[in-house]
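A.B. asks: Sequence:
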Amino acid sequence: MSGVHRRTVIKGAAAAAAAAPFSWSPSRTAAAAAGSGQATELHWLEGSAPAVHAGATRDVPWARGAYRPERRFRPTTADGEEVPVRSWVTAYSPDAAQWALAAIQNLAPIGDRIPS
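In the numbering used here, the protein residues as written are -4 to 111.
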């Protein structure tokens, strides 16, 4: 019998559920702020944090030379509490801009703004 297999449906549902926390993006000033030494503030696309937070990642563009491999990100909540994070360079674009990925654990106390 040819048709949709149960494993295919389960894999698709799992992939869709896993992608839900990634539906947020950096503000337009992220790359500019990175080059100036200012904090980079990110926000959820929907305007508020999801009801269930299972961890998240964010890929942020940085101006040429702004991100150094030895740089340590120190994201904080709106209350100033530091949030544990791991980060690494994911890509270099043709214009020499860099993209760095940050992974935030699922227990991080987040709100309507992404810690940065």
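What the hints contain is simulated information worked out from the structure, not anything from laboratory work.
Glycine included, C-beta positions come from ideal geometry on N, C-alpha and C.
Worth double-checking, as some hints may not be accurate.
Unchecked claim - DEER-style ranges, computed between Cβ atoms: (1) 0 to 75: 30 to 40 Å; (2) 89 to 0: 37 to 47 Å; (3) 89 to 5: 33 to 43 Å; (4) 86 to 40: 13 to 23 Å; (5) 46 to 79: 15 to 25 Å; (6) 74 to 47: 20 to 30 Å; (7) 60 to 2: 45 to 55 Å; (8) 45 to 83: 20 to 30 Å.
A.B. asks: Which hint numbers doesn't this structure obey?
C.D. replies: 1
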